[in-house]
Amino acid sequence: MAPATLKKRSEFLWVRGGRRWSAPGFVLEARARSGDADEASGARFGFTVSKKVGGAVTRNRIKRRLRALTAKLPSERTLPTFDYVLIARSAAADRTFTDLASDLDQALTRVHQPPGQKRRGAKNA
RNA sequence: UCAGCCGGCUGGACGGCCGCUGCCGGAUUGCGGGCGUCUAUGGCCCAUAAAGCAAAGCCGGUGGAGGAAAGUCCGGGCUCCAUGGAGACACGGUGGCGGCUAACGGCCGCCGGGGGCGACCCCAGGGAAAGUGCCACAGAAAGCAAACCGCCCGGCGAAGCUUCGGCGAAGCAGGGUAAGGGUGAAAGGGUGCGGUAAGAGCGCACCGCGUCGGCGGCAACGUCGGUGGCAAGGCAAACCCCACCGGGAGCAAGACCAAAUAGGGGUGGCCGGACGCGCGGCAACGCGGCGUCAGGUCCGUCUUCAGACCCGUCACCCGGGUUGGUUGCUCGAGGCGCUCAGCAAUGUGCGUCCCAGAUGAAUGGCCGUCGCGGAGGCGCAAGCCUCCAGACAGAACCCGGCUUACAGGCCGGCUGACACU
4 MAPATLKKRS EFLWVRGGRR WSAPGFVLEA RARSGDADEA SGARFGFTVS
54 KKVGGAVTRN RIKRRLRALT AKLPSERTLP TFDYVLIARS AAADRTFTDL
104 ASDLDQALTR VHQPPGQKRR GAKNA
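Its first residue numbered 4, the first sequence is counted upward by one per residue in this note's numbering.
Keep in mind that the hints are not guaranteed to be accurate.
[To be verified] Straight line, CA to CA, 20 Å or less: simulated PhoX-like cross-link-like pairs of lysine-lysine:
#, residue 1, residue 2
1, Lys55, Lys66
2, Lys66, Lys54
3, Lys66, Lys10
4, Lys54, Lys11
Derived from the structure by calculation, the hints contain no laboratory data.
All of these numbers come straight from a predicted model, not from anything done at the bench.
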């Protein structure tokens with residue numbers, strides 16, 4: 004079953020302030036929902052495919068591939084109180100589906116890691 | 001067989017797993033339900049297990065992108081805004097003629113001009129003897145026509161000749177000349193004959209042009225005859241003139257989402273505004289009885305005609321907001337087949353079909369097999385193997401067009417060569 008999707012611009016802007024990880028085909032952003040977020044709806048996904056990556060046909064195709072990617076995801080890979088946004092890059096149209104799947108798997112791991120280790124050196128600056 | 005022209009169609013197929021969305025049906029579950037959601041109260045309707053409803057979920061069935069869905073360039077439908085009529089002006093568009101169409105800048109047929117051996121293709125194709133303007137560079141000269149070279153004529157004339165009168169190449173100034181050279185996109189009709197000092201529509205023939213008439217055609221126009229006698233260059237996608245057409249904004253149009261507050265809106269009555277007089281009042285002020293005067297607004301501008309409105313007050317009615325929801329929203333100048341009329345565009349009649357309605361925006365994701373195209377290899381061949389390619393592109397209110405993009409494939413008609421009979 005496909006997860007619920009983000010529909011409002013304000014929701015996208017909220018997730019933008021969270022953690023992000025770049026993969027060859029896309030950029031993944033993630034952030035816990037604010038305040039009284041219920042776990043009933045589960046993790047939600049949003050998709051951003053700008054005109055930079057191509058015309059309407061390729062943009063639609065990329066959006067459908069990314070959506071199919073999230074639909075196959077086992078529910079334990081995502082956090083139910085989180086919202087995720089996938090920002091497509093131009094490689095998403097041609098990259099093989101299995102590669103995209105492993106990219107997403109790695110990106111989720113990275114995004115769920117607590118911040119700190121990576122930023123250790125810059126903390127005092 | 002090769003080369004080419006025109007028109008039409010098509011835009012991979014099948015299967016497996018997993019999904020999205022509209023509609024229909026069913027079962028389950030829930031509930032007193034519903035009156036959309038958000039805050040709170042009240043109210044209304046249906047009702048005691050039937051109807052109904054249900055955010056979300058389950059099962060089954062069924063429909064689900066294009067020829068250009070694109071560019072948003074024209075024409076309409078539909079919706080809202082604007083009080084209606086007439087005239088003038090302005091602005092924008094169109095431009096051979098006739099037809100088709102709801103309409104068009106579209107299509108069909110025809111005419112004229114140009115290109116091609118031909119099938120056929122191309123043309124912003126009204127007016128330049130109404131006016132204004134422009135014609136770069138080159139060239140003597142670019143719109144009053146004009147003499148650079150040349151040609152011709154007579155005059156003067158160093159050299160030279162001489163019968164001593166003169167003649168006279170070169171040269172000098174003057175005149176004639178648009179045939180030749182040269183410049184140019186274009187040199188003010190073309191070709192030929194006559195003519196002439198040389199030339200020239202100066203004359204003649206043919207062609208072109210203008211004009212008049214006859215004939216053919218609905219017309220654009222064609223054709224024949226007479227006549228004029230070169231007068232009349234190009235550009236109107238320069239201004240302009242002529243004829244015809246045209247309100248503006250767009251589905252984010254627009255409508256709706258019970259009542260109670262505010263802002264606000266509507267309808268009706270009275271009253272329009274300013275000034276003066278009058279009346280009431282101690283006054284501030286109020287009333288609107290009388291008289292005079294001047295307006296403003298009403299969708300391009302101005303004029304005109306008709307009409308309405310203005311500010312205040314009273315009564316009644318409506319009346320919360322939104323980025324949300326519902327609707328508009330898909331049956332339409334509709335598709336297909338036949339028929340009749342027409343050269344055709346197209347129209348008539350009959351039959352038949354229902355064919356996407358999303359809204360962070362569905363119509364798909366992944367995989368396999370086959371087929372098509374190209375390259376390479378193997379094979380006598382049929383064929384087999386490997387690799388590559390598979391375009392342009394995604395509905396957003398709906399139609400009719402135009403334009404642009406497009407891998408490849410299929411069908412039909414026609415033309416010209418060559419070969420054979």
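Taking the hints in turn, this is what the structure says about them:
1. With a C-alpha separation of about 14 Å, the suggested pair Lys55 and Lys66 falls inside the 20 Å cut-off, and the hint holds.
2. Restraint check: the Cα-Cα separation between Lys66 and Lys54 comes to about 12 Å, which is no more than 20 Å; the hinted pair holds.
3. At most 20 Å may separate the alpha-carbon atoms for a hinted pair to count; Lys66 and Lys10 meet this at roughly 14 Å.
4. The suggested pairing of Lys54 with Lys11 holds, with an alpha-carbon distance near 19 Å, which does not exceed 20 Å.
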